[in-house]
Amino acid sequence: MTGTMAELRLKGLAKDLHAQMADLPIVSPHGHTDPVWFAENAAFPDPAALLIKPDHYVFRMLYSQGVALEDLGLGAGAGRDPRAVFDILAAHWHKFLGTPSHLWLDATFRDVFGIDMPLTPETASAIYDHIDAALQTPEFRPRALFERFGISTLATTDGALDDLRAHRAIAGSGWTGRVIPTFRPDAVLDPAAPDYARDIERLGELTGQDSESFAGYLDALRVRREMFRKLGATATDHAVTELRTEWLDHATAGRLFAGAIKGSLTAREQDRLHGHMLIEMAQMSCDDGLVMQIHAGSQRSTNQALLDGFGKDMGADIPRRTDWVGGLDALLNRVGNDSRMRLLAFTLDETTYARELAPMAGHWPALRLGPPWWFHDSANGIARYLDQVVETAGYWNLAGFNDDTRAFLSIPARHDLWRRGVALHLAEQCDRGLMGRDDAARIGRWLAHDAAVDAYRLDAA
Amino acid sequence: MTGTMAELRLKGLAKDLHAQMADLPIVSPHGHTDPVWFAENAAFPDPAALLIKPDHYVFRMLYSQGVALEDLGLGAGAGRDPRAVFDILAAHWHKFLGTPSHLWLDATFRDVFGIDMPLTPETASAIYDHIDAALQTPEFRPRALFERFGISTLATTDGALDDLRAHRAIAGSGWTGRVIPTFRPDAVLDPAAPDYARDIERLGELTGQDSESFAGYLDALRVRREMFRKLGATATDHAVTELRTEWLDHATAGRLFAGAIKGSLTAREQDRLHGHMLIEMAQMSCDDGLVMQIHAGSQRSTNQALLDGFGKDMGADIPRRTDWVGGLDALLNRVGNDSRMRLLAFTLDETTYARELAPMAGHWPALRLGPPWWFHDSANGIARYLDQVVETAGYWNLAGFNDDTRAFLSIPARHDLWRRGVALHLAEQCDRGLMGRDDAARIGRWLAHDAAVDAYRLDAA
Amino acid sequence: MTGTMAELRLKGLAKDLHAQMADLPIVSPHGHTDPVWFAENAAFPDPAALLIKPDHYVFRMLYSQGVALEDLGLGAGAGRDPRAVFDILAAHWHKFLGTPSHLWLDATFRDVFGIDMPLTPETASAIYDHIDAALQTPEFRPRALFERFGISTLATTDGALDDLRAHRAIAGSGWTGRVIPTFRPDAVLDPAAPDYARDIERLGELTGQDSESFAGYLDALRVRREMFRKLGATATDHAVTELRTEWLDHATAGRLFAGAIKGSLTAREQDRLHGHMLIEMAQMSCDDGLVMQIHAGSQRSTNQALLDGFGKDMGADIPRRTDWVGGLDALLNRVGNDSRMRLLAFTLDETTYARELAPMAGHWPALRLGPPWWFHDSANGIARYLDQVVETAGYWNLAGFNDDTRAFLSIPARHDLWRRGVALHLAEQCDRGLMGRDDAARIGRWLAHDAAVDAYRLDAA
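Protein chains in written order, with the numbering used here: chain U, 25 to 485; chain G, 25 to 485; chain H, 25 to 485.
For the record, the hints were derived by calculation from the structure and aren't laboratory data.
Be aware that a few hints might be false.
Copies of the same chain are indistinguishable here, so a pair counts whether it falls within one copy or spans any two.
For lysine to aspartate or glutamate, the following EDC-like pairs were computed, each having C-alpha atoms within a straight-line distance of at most 16 Å [claimed, not checked]:
(1) Lys39 to Glu163
(2) Lys35 to Asp140
(3) Lys286 to Asp219
(4) Lys336 to Asp79
(5) Lys35 to Glu452
(6) Lys286 to Glu225
(7) Lys254 to Asp234
(8) Lys35 to Asp95
(9) Lys336 to Glu171
(10) Lys35 to Asp455
(11) Lys39 to Asp455
Because the structure is a prediction, the values reported are computed rather than measured.
Isolated chain U, as found in the complex (with noise of 0.2 Å):
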């Protein structure tokens, strides 16, 4: 079996110029941990409920290798076993080689539980039992986690009609740990999404506007976007399959909404519609000065009988082509040259990083590409990104790193192996001569650091 913990290793000015990074705080701008981790700061249950079943990293490969999703634990399997659930992971080890997750998971193992051996299934019960103990202990509460991680600020994603209480809570416990909203309202922007006329109607219930309006409607999002924003929010974000941007008049815009509150739009009417609707979110983001995320080009759930048997995010999200360049025109055409505006722009779409986005980043203002995500956020997606984007964008066009994980506890792991990665890059830039040892520090703390802070406002909130 697999007897190696994995980890990205440096040499030379690459290891020096990781070693100058690695100190540095952790900003998480962007992902999906649970703010309740923060506010309750309770134990996490257990070693399987901990690192397998959230991750659909990790549980989708096993799925692919014929492990059946009840076996780990999951819907039906609910009540099982959770180290019978770690003995599945250790036996099919081997088959996560050459994958972040091993990288992430053995780094998790290793920095954070002090674990000195490999995962195989005969250190399977050992590796369990020591996390299973460390759990239970104060040192591995989330508070003390995040603190030991060197997070400086920690932003979750929440629904435009999350009550918001946890991070009501973790505003209000004393607690120095910053941990942030962001607003994500996709539930109420796409006609398309289910239950979208009765969540309006809660929307405007819970802002006391007219939602049923248009001009009601608008007022509503402006008002929840302030509440998100006391709370410390300071970005937006929005997820869309297959990327269209459209400005309305307001005549058209609040026809198509009343449709879309009867349900009576065609499908290319609410296409037309949520375009718009992002284009309102730039403008509002002129105004409230949030951050506009967009990840764009996940086709969501692509297994109807996972989808049906376990529900979203079970590993059948599948990237797919993503024009940027059509996508993204009537939105920029209106706040692009904006200089109050700043979007943020993710793909899964590899083949847009030098042909579009890179050169859209390096004309307009107002937008920033966020760093590789998702199924590219990986040694190789890493290196693929600076060498496809730097030459046109240059790096003072780019937002960083972001996690962008539910995962808590490979946090650490996933920024150090992205400064691994800008190591390798700028060790490389110096070898080749095209910067100094100086120039590369400075970006190297850039990327590990200062832009994420700058691109998500982080400062100044």
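Based on these hints, arrange chains G and H on the given structure of chain U.
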């Protein structure tokens, strides 16, 4: 002229890893060699007929440089002196610098024929004589070469209406070489195929089914698959230009089938029926265990003048973009979770490696990725493939290697190039700290041999 | 601030190979320098007018970082002090780290002006003075620089209606520098072009043909091509956003042309006529020998506010996906097998290198691939290009290099970067055992010089 015999050279750990793979048997589960060679075991006629005329990689490059195909003995030039044909290759040999054809032919000269001088206009005559003489000896008959190459299994590709006489002859010959057919039913699945109605009729005759009714047609396909299976086939193969699958209810499919036979379908209806039939094939694979291969994205015969004058496969097949997510959606949602199903996907669109195919293979239990195909079966193509698929799909969702060649003598060189590419990749993984040498050796063996056996169910057959 | 003057540094064999290319003449067969410079041979006005204002690579990056174009002396800021403009560049110079602009400008400072200190806010004034003084000397007049740069041929790009006065002046001046025009008839080929009807009328006047009839229009184009050819032109150039070609019968084409002049065509009809006219151009190329260039895939002027305020070419042209297989199908099936035809294809969609263009160039006798273009004319862009095209197209289906620049002083640096990239590539080919040093040296000479001469038929002219 070109003064070196090309060889992808290895050093250090890569050399060690390659050495551990170099003597493994060759598994060649997908290709286009002629089973008649192994049935009759006759001497190959001459160097041009063996090395140039059947190899579209070779003559397409010469054609691009202004050489008329007739001068290479093709089409109306069939009677041309093979030595003159060989001289043309020699005169243009430097045009192949940097291409895999150079590697493959140099290896053929050096390793198969024991020639130690590079091909030049000056050496052409001596090399021609050397090869011509060798071909007259028993050691260079097809079966002797098969054995000398260390091929454990070789699958040919055979039309659904093929009489399979050669395969029956091989099976009845007492020779122990394992040469098996592959079921390639494009001509009777795609209503746009020339002679579709006539071929459906012949399918009925060959199987004793009423192939004019939809139910009888499906039964005929089942029977025909079984005939192939009895001769050792473990797989089917399907070429599609633009990938689309769609499940139709039985009545609709039957109605379209009736129209297809009458020749009354629109292009769109032809597409729909073809897309449905791919799913029928997949369902039959669940039942009879034949592994399903899909080769998608080659626009065939794009040069009409060459098609008219020389027929198909003349070097004018060009890749196009492929949408794997949308194209396989219906098929995978029908059978992708079925543990009996095995689908191998081959793409000519490298942009789908990291964006679509690796994420899909890292999720669907039924799906594995075929190796770099056609233009991408090259040193850089192999490197890009491993760089882009492993991080998301791992190694265990890959189907190993197949040479897909009609150039029989290049088979060892093609497998060796893959093994060298794998060795380079794995040595770098070790060097970067991502795995240990034992894991690398194990994965090397998997990718060089075991994965193909497993993917094509060659052990079970 | 940035403390190193960037240079792509070479070692070992790559350095040797580069040394063999370094002194070859520069062939610049496609670019956008102004022929008036060479006709009048006046001094360049000032450093900002020479290095910043005409270079959209430079001002687009500054614009993306929040610098107003007016502050760079563009548009309404035309009267701005050039020293203040230069100071802005110096203040933002670190934003260019990692970009080819940094390489090109550093090389211009160092190699053209002999400046040995990096650009910083502190050195900006001294560097400005140094350049400004140099520009007043005879050594920095356009013709002197042309000779010093070792340019053997330089082609400009000239509209079909251009009066070509500058080119006639050069030809009549007795100066021996070879500066030739290129026929760029977009304005009279694309019915969607502004002023199409008026320009067709002017085309008739310039050529003495009845350009309002379709036959006369074709004759006028023939005559105009001949006028360019007489002034030394060896090529035409065609910019298309979305590549489509279609052969129309004479009656249909004539009917569409009549509608185009009346302005009564739909967008689709405009496209069809434009696609047909590209084939007419190709056929004229067969007759008159002018090499046809197609630059496809740039979405022009995507920022409407900049277009309105500053005009075209302001850094907002962004690449889009291109379909070369479908787009060239009709054209190549009309002339692609004709030995008189030469078509050079330039793409901004790198995904087409290995998937479409290399396979097409490795098949069609008429087709060669242009070098990495625009955003991809960079160290990594060159590496990706060679990595992805050579294995299928070889080296002899490539058109060498052209700088495609309007930044005259960067020409040596651009060609040198290409030569360094080629040297790196070839040294790696040798190191991997894929070719010997003699072959590498020969290919180096081909890619650095001979291929461009051959592709553009500069010897024959």
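> Going through the earlier hints one by one, which of them does the structure break, listed in rising order?
Replying inline: Violated: hints 1, 2, 7, 8 and 9.
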